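There are 4 protein chains.
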Amino acid sequence: MGTDMTSVQDALKRQEIELPSWAFGNSGTRFKVFTQPGVPRSPQEKIADAATVHRFTGVAPSVAMHIPWDKVDDYAELSAYAKEQGVRLGAINSNVFQDDDYKLGSVTNPDARIRRKATDHLLECVDIMDATGSRDLKLWFSDGTNYPGQDDIQDRQDRLATALKEVYDRLGDDQRMLLEYKLFEPAFYTTDVPDWGTSYAHCLELGPKATVCIDTGHHAPGTNIEFIVAFLLRVKKLGAFDFNSRFYADDDLMVGSADPFQLFRIMSEIVRGNALDPASGIAFMLDQCHNIEVKIPAIIRSVMNVQEATAKALLVDREALKKAQAEGDVLEANAVLMDAYNTDVRPLLADLRESQSMDGDPIAAYKRSGYFEQIVQDRADGQQAGWGA
Amino acid sequence: MGTDMTSVQDALKRQEIELPSWAFGNSGTRFKVFTQPGVPRSPQEKIADAATVHRFTGVAPSVAMHIPWDKVDDYAELSAYAKEQGVRLGAINSNVFQDDDYKLGSVTNPDARIRRKATDHLLECVDIMDATGSRDLKLWFSDGTNYPGQDDIQDRQDRLATALKEVYDRLGDDQRMLLEYKLFEPAFYTTDVPDWGTSYAHCLELGPKATVCIDTGHHAPGTNIEFIVAFLLRVKKLGAFDFNSRFYADDDLMVGSADPFQLFRIMSEIVRGNALDPASGIAFMLDQCHNIEVKIPAIIRSVMNVQEATAKALLVDREALKKAQAEGDVLEANAVLMDAYNTDVRPLLADLRESQSMDGDPIAAYKRSGYFEQIVQDRADGQQAGWGA
Amino acid sequence: MGTDMTSVQDALKRQEIELPSWAFGNSGTRFKVFTQPGVPRSPQEKIADAATVHRFTGVAPSVAMHIPWDKVDDYAELSAYAKEQGVRLGAINSNVFQDDDYKLGSVTNPDARIRRKATDHLLECVDIMDATGSRDLKLWFSDGTNYPGQDDIQDRQDRLATALKEVYDRLGDDQRMLLEYKLFEPAFYTTDVPDWGTSYAHCLELGPKATVCIDTGHHAPGTNIEFIVAFLLRVKKLGAFDFNSRFYADDDLMVGSADPFQLFRIMSEIVRGNALDPASGIAFMLDQCHNIEVKIPAIIRSVMNVQEATAKALLVDREALKKAQAEGDVLEANAVLMDAYNTDVRPLLADLRESQSMDGDPIAAYKRSGYFEQIVQDRADGQQAGWGA
Amino acid sequence: MGTDMTSVQDALKRQEIELPSWAFGNSGTRFKVFTQPGVPRSPQEKIADAATVHRFTGVAPSVAMHIPWDKVDDYAELSAYAKEQGVRLGAINSNVFQDDDYKLGSVTNPDARIRRKATDHLLECVDIMDATGSRDLKLWFSDGTNYPGQDDIQDRQDRLATALKEVYDRLGDDQRMLLEYKLFEPAFYTTDVPDWGTSYAHCLELGPKATVCIDTGHHAPGTNIEFIVAFLLRVKKLGAFDFNSRFYADDDLMVGSADPFQLFRIMSEIVRGNALDPASGIAFMLDQCHNIEVKIPAIIRSVMNVQEATAKALLVDREALKKAQAEGDVLEANAVLMDAYNTDVRPLLADLRESQSMDGDPIAAYKRSGYFEQIVQDRADGQQAGWGA
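Chains W, A, D and L, in that order, give the protein sequences.
First residue of the first sequence: 4, per the numbering used here; consecutive thereafter.
First residue of the second sequence: 4, per the numbering used here; consecutive thereafter.
First residue of the third sequence: 4, per the numbering used here; consecutive thereafter.
First residue of the fourth sequence: 4, per the numbering used here; consecutive thereafter.
Hints listed in this document are in silico derivations from the structure and should not be mistaken for laboratory results.
Fair warning: this is a prediction, and the values are worked out from it, not measured in the lab.
Be aware that one or more of the hints could be misleading.
Because identical chains cannot be distinguished in the list, a pair is counted as satisfied if it fits within a single copy or across any two copies.
Below, in silico cross-link-like pairs of lysine-lysine (DSS-like), each with a Cα-Cα straight-line distance of 27 angstroms or less [unchecked claim]:
1) LYS86 to LYS370
2) LYS325 to LYS106
3) LYS239 to LYS326
4) LYS106 to LYS239
5) LYS326 to LYS120
Chain W on its own, in the form it takes in the complex:
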């Protein structure tokens, strides 16, 4: 028994983590958005920052876009710009939660006119995907209610199903729908897609192009996320992750910063299910807010955290694990897993980076690069990008 280090390294080399354009912009809480120097003012500048993260880590070759935050006149041009920078455009994220019309819901709104408007936005996102060549349409609905009785739960499900169907039917052959779920916030009583079961049920109804997106911060306290990962892998309905971490609710902290062992357990299910390779079709995306910490190094650190968790998951001695599990040896099975977790994989990853002509320490290299000083200077004027809330 043991682990083949060459295959570990190969797997790590092929790993891809998608960066969210909005993580480079300003974000905050309902109490305050603290601004930072050097924040991008345009989709292009966000892409440039994302490309910088990729340059120092080597595993972040794509950038998820958020419409309308990243709306441009010419998406082909934007794609070309990304390519030039060394990255590609990734998933298109819809936004049906910031128009005044959406106060009581978007696709589940009791008002048919507003549902139409929301659905049209989703269809527009597919148009953009056609232009950008994006594979994935990521749908998150803030839809829900704040008070018991406010609206009819079942009716809202019907409205949701109708809108999803229309959008699904519009997808091209190589396009997919990722349906995200979230327990609460901004809705505080019911949320129309509150858990994986709801997302799964809708995806099942829709067909093979619809899969579930797991945001690691969107669960009730005590939820076992790796169970959901394993379950969805088994039924082939896991489409993507939105990685971040949390101690309380949807805190959107750097992935791996609150519970690195949980991130490892999640990646271990991914490895166990042969789902790490980009060819498996699962998108590993970050979805975070860097409210108080400097954004680019925070994202580099997040990427490294996912890499480290992945490396540990790859180091699990699967044969030894299987054997202990089959024998019902609880302590030994746990020990095999913990043995990998307790390994310091940072030297392994540093070596890997160096073998690919990168610096072994991406944070230090970024700091030395002068990129930050440059953007602070270049972006002193103008309107910084944010959530537009």
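Based on these hints, arrange chains A, D and L on the given structure of chain W.
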């Protein structure tokens, strides 16, 4: 707009709540089982107690049985005894969590011999259903793991699916499988059926005779149970409730005692979905532990709590609610719901009982009846029933 | 045994609920602030709205102010304006969470200059209290950290203690400090005053003028709030409530809308501890956000919810309760409490209002009054008040 | 900057972890207690097992006793036996939750006779401490209520204070009281000592010999335990830990198995507060249940988990941390902490053991020792120790 009181009364008269035989026996926590005087020593005595609850409430005509706790040689005889007492045998509850073999799981155990044994027990339960004429097989699995790595999550799902399929195929035309889920306890890391999504997915795979059982105490903090009710009603996969209440985990307190407003919201979804009538095929069962309070009056009180929540749910002015919802009038829609909740329905229910030749106050009538004094005397000797833990 | 209805009515007549000026302004989530027509544009207009709520309910005679949101040049003039409107200025709420300097904390910031600035703001709030004649300084600190290691927990406590001491020492003889606690948000790892224990410990150190403020939405899931109420009453350190309700986190919904039974249990402890009367020195304040519902009727409804919970709490047959408790009769003791909770107190409260020359139905009366139409027209232009986030 | 390895090793050598006698006996959930071969049948055999753990780890020199589970006629003899085995008797744990009288509480029971009986048991525990030379009396009360109204919360606090006072006054000069808190279980509505604040308040009232005991599994979801550690260290009221881990409630899993990062953060506060050394007077105890895993190696593993977390905490570059904190460099401060956490300290600990003439791998050495085979054979007959529930 308004509510038709005759139809409210008719609905309340037709309501049926199933009692769990085990709630009449001793129960407790891992720290201590406190015994009580008068506790039944046999399935027959549990049935007699349940029949007493029915005599004073009029809406509890069936008794769920738990195998092997209620194992008898002759189930036809037990059925006849129940009939004599004025009730009928209800759901058969399997028990694959108390044999030493089940330490690491029953139908999901890594050991094929133990899985076979567990599945055989489930099949035996169907045999008993044939004998008792029970419609429902209720399956709750304590299966899970306590430590990361202890067993393979996906493999356990495969084993679960296999066992469920075998049992499902054994069901007769008029028999059903109710698949219960539970977040945790006694398993403390993964549970093999932890949430409604898992139960739903398996039921969907199995076919129309398999439906989800919602135990109101089995969710993560913050879970919106009425959403699950509404969702499962919409997809026609809600089979049953195990009612109880909780402040923390699976506390198994009297239903309606911890959050009566939540119980009302649940019943309101039931009324909205036309699922209250016994003909709808949804079983409304209690599943509680009366660790410190006297058992029979606690169960009478629980039945009354469900009745009161139901009466309030029936009083909701559905037309006014729909109108306010359609208009997006958040406060008015909420007010319509709250108006029903804030109504004191106890006089209405007392009248209803009296119109059916019962005492308007079941607790007082029970206390006056001398039943308790009689059982305390009759059951002074022998081995009191309990969970056999 | 029984309840003296005259004393119930007297207690209800004397009840006082303080309204937060900011609840009349716009609020929202980090995703979106939806605006509403008729929202106040100045402290004066907020006071006018609050006075309107008082006019229709009779129990909301004071308005809490928030500095700097309600900063004016002349507080004596503002006080006079309030008096004219029929209300008075209440607690002064400090705000040390919206200046760019406070990104890493205010009074607990590692930077001494920023701590000084924050403390100065608190002292300024006491100056304002001198001008307004307010009794209470309410302190809520968003201070905390987002990441393990970010700052030293103990050092931050020292800094907090130092700032509190300086402000405490500045208080006049008739002035008090209310120290609020909150589990999380906007800080996502540690919060410097996260729970009642921390607030209590600091208040104890400070002296008799410092007491704890319980915000009903600021607890971990499963926290028993009425226990905290009872405990703080026993040790005479309960100073105030910030009422609101929540299903998940700090949802800031209308008080009583998520768990009316919990609100009743809280008020029942208040009644048990003879702490309802304004003379007891406990401030009953609302602190809510009306993100999607119309604000003034939402606040009227909230006031009514507190009144209804209070009326039910006053109806508890305390003698019967004591007797059942002393006898260890669990079911009877619970039944005595539930009997009061299940009573429909709306007619009692309507009568009370009518006996005081108000309309029995405050919401209907408000709607008929034309106030809303008037403010929508009067306030069509200008900058609506909000949180300034 | 950096860390002095000699002082790290010295600190690790001086570390002491106390083992609970009851962890060697059978335990389970309310559903089932699974037995294991080789389980002790007497206090002596528990001590022998604990001594075995100490022999292989070198840091577990004392055994906490539980009265009446470990009641013997001659405690001096038991002490001598322990000494012979190479360990000493540690804290005395009281048990006022398993007598039928305690159904509605022990020291908070409404019945004065039962309170007297419970207090007498606590006083008896101090007598035993006199005989064993134990320093610490650990008090955990299961006292609480299951239903709103069941008993008076304030009265129960008064009763609690009275009993604690009487016991406190009985303590000798070198004896201490450790007051444990727990959110819930077995009480399901109120618990009389539910949180650290309650424990702290009582300890403060009692005096310097009373301190708080933190059981890491006894908190509401989301509670930041290391904050409590830091806070209690600051006010000098932290007396002890009951270590274990949990994913959900009081799961009592092996410490460090559910969230090793949390354990590290706790130990990091201990190191920061100079509280690791036995001379600091803080007792580091395990309190766990090994329901399904083999007990002795589970306890060895638990001890090692605490050691590893401690070693990592000692490796934190405190100077670098202080510097980054002072500069408000969020990412760097977090990185300094994570750098220590991500270090693989197993080689360091193996070396340390070997330098002390132990095997570097305690689990492997234990397995080779034949101890388990011996006890399975020796203890085949007789009544295995358990909780006696």
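These are the hints, each one checked on the structure:
1. Within a single copy, LYS86 and LYS370 get their C-alpha atoms as close as 24 angstroms, which meets the 27 angstroms cut-off; across copies the closest is 58 angstroms, which misses it.
2. With identical chains, the CA atoms of LYS325 and LYS106 are at most 27 angstroms apart between copies only, with a shortest distance of 18 angstroms across copies and 51 angstroms within one.
3. In this assembly of identical chains, LYS239 and LYS326 lie within 27 angstroms of each other by CA distance solely inside one copy; the values are 26 angstroms within and 42 angstroms between copies.
4. In the homo-oligomer, the alpha carbons of LYS106 and LYS239 never lie at most 27 angstroms apart, since the shortest distance is 35 angstroms inside one protomer and 30 angstroms across protomers.
5. Within a single copy, LYS326 and LYS120 get their C-alpha atoms only as close as 56 angstroms, which misses the 27 angstroms cut-off; across copies the closest is 22 angstroms, which meets it.
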